[in-house]
Amino acid sequence: MSDHVDLHVCPNGPLLIRGAVGVRAPDGTVHRTERPVSAVCRCGKSASLPWCDGTHQSLRTPIDEGERR
Amino acid sequence: MTTVVMTEAGPETGLPRARGELSDAVMRALTGALPWSRLVEVTATDDEDALRTLWIAHELHHRGLPRFADAEWTPELVVVRRRLEGELEQRLRARAEGHQPESATPDALLDFVRQDAGPSLSAYVQRSATREQVLELLWLRSIYHLKEADPTTWTLPRLPGPARAALAELQYDEYGGGRPARLHAELFARGLRACGLDARENAAIDDVPVEVLEMNVTLTMFGLQRRLAAASIGHLVAFEASSSAPSRRMARGLRRLGLPEEIAAYYDEHVEADAVHEQTAARFIAGAMLRADPTVADDLAFGAFTCLDLERRFAASMFRRWGVRP
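So the protein sequences, as listed, match chains A and B. For the first sequence, position 67 (counting from the first letter as 1) is numbered 157 according to our numbering, and the numbering increases by one without interruption. For the second sequence, position 195 (counting from the first letter as 1) is numbered 269 according to our numbering, and the numbering increases by one without interruption.
Hints are computed from structural coordinates only; laboratory data are not their basis. In this text the structure is predicted, and so the values were computed from the model without any measurement. Where hints are given, some of them may not hold.
Claimed, not checked - Under the rule of at most 25 Å between Cα atoms (straight-line distance), these lysine to any residue pairs were calculated in the SDA-like manner:
no.	chain 1	residue 1	chain 2	residue 2
1	B	221	A	126
2	A	135	B	221
3	A	135	B	173
To be verified - If you want the footprint, here are the derived chain B segments under chain A, 3+ residues with CB under 8 Å:
no.	region
4	277–289
5	352–366
We treat Cβ as the ideally placed atom computed from N, Cα and C, and that holds for glycine.
Given the sequences, and given the hints that come with them, work out the whole structure.
Below, the structure written as C-alpha cells:
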C-alpha cells in the first residue's frame, strides 16, 4: 500500500486509528489507548465501546450495507 | 518396544517423555547416548511419535531445552526435521484440498473465518465448563501461549516492504509495545501463576494431546520455512480473526467460575487487541502480499484453512476427553 494512512475505514468493520490516541465517548469519558493501532467500533454493538470487540462479525446486516439502504 | 530414557526426561533436562522409537532416539542423541549418524535410520512409530520428535527439533530453534542449544543445526537432526515437516505438510495440504477458500482477498479470508462452524470451546467455557476443565484447557494451551507470536516473527524478514512494516506493527503489540509486563506471553504466565499452575515454558508438554503438538509444530514450520511465508500469514489472519469473540466468552466463563482476574485479563486484552489484528493482518499484511505477488493466494488460503482445521480438531479432542457433546 503506497498511500499509508493514519485512519482507515474497514469495509463492514471498525475504524482503524494509528498512533496513541484518546477517544471521547458521548458521556464525556476519555478512553486512552497506547496500541500502535486501535480499532474504534462502527456498528455500535461492541461490549467494549468505544473500541471494537469483533461483534460486527455476527450482525445480520453488515454495517456498510445498512447505510446504503 | 522403546527404551524410554526416564532419567533424562523431566524438569532437569527439559526433555519431554519419549512416545515411540524416533522421539526416544532423538533424546538419546541429544544426551550423547546415541551417535547422531544413527538417528536418520530410525522411523517414527506413529503420528504422535513423529510430531513429538518434530516438536523437540523445533524447540531447539525456540527458547526451550537450553541445555541442548548447540544441537540446533546438527545436520542429521535437520535431515530428520525436514523429512517430518514434509510429511506433515503433505497431510495438511491433503486436508485443505477442496475446503480452503477459493479467494484470498482480505474480505474473502475474513468471510471464510466468520462462516466457520466448528465446535466452540469458548462457548462451552462461558456457559457450562467446570473449574477443572477450564484449568486443564489453560494448561494445555500454555504450550503455545507462553511463546505466543514467536513463530510468526520468523516470517517477518521474508515479506515484501509494506507487509513487513504491517507485521512489525502487529508483533510490536503482541510483544507488549515496549513494556515487558504487557508481553502477551507474560500476561498468560501471570494468569497461570494466579491459578496456581506451573508457568514455566513447556511444563505441560507431557500432558498435551497429539492435536496440541500438531498445532504448535505446524505454526513453527510455517515460520521457519521461507517457502511457507504466505501460509504463515494466512494462519495469522485466521488465528486473529477467530480470537476476539472467543476471548470475550473465555473471560466471561473464567469470571463465572471465580477464577483469578489475572487470567481473565489475558483474555480481556485479546478481545480488543485481536479486533485490531484481524483487520491489519488481513488488509495490510495478507493484502499487501497479494498485491506484490498474486501467486501467494493459494498458500494464504491454505494457511487460513489449516489454522481453523487444527483448532477444530483440538476442540473435538477436548470434548471427547471430557465426554461432552459440543
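**OP:** Hints the structure violates: just list their numbers, smallest first.
**Re:** 2, 3, 4
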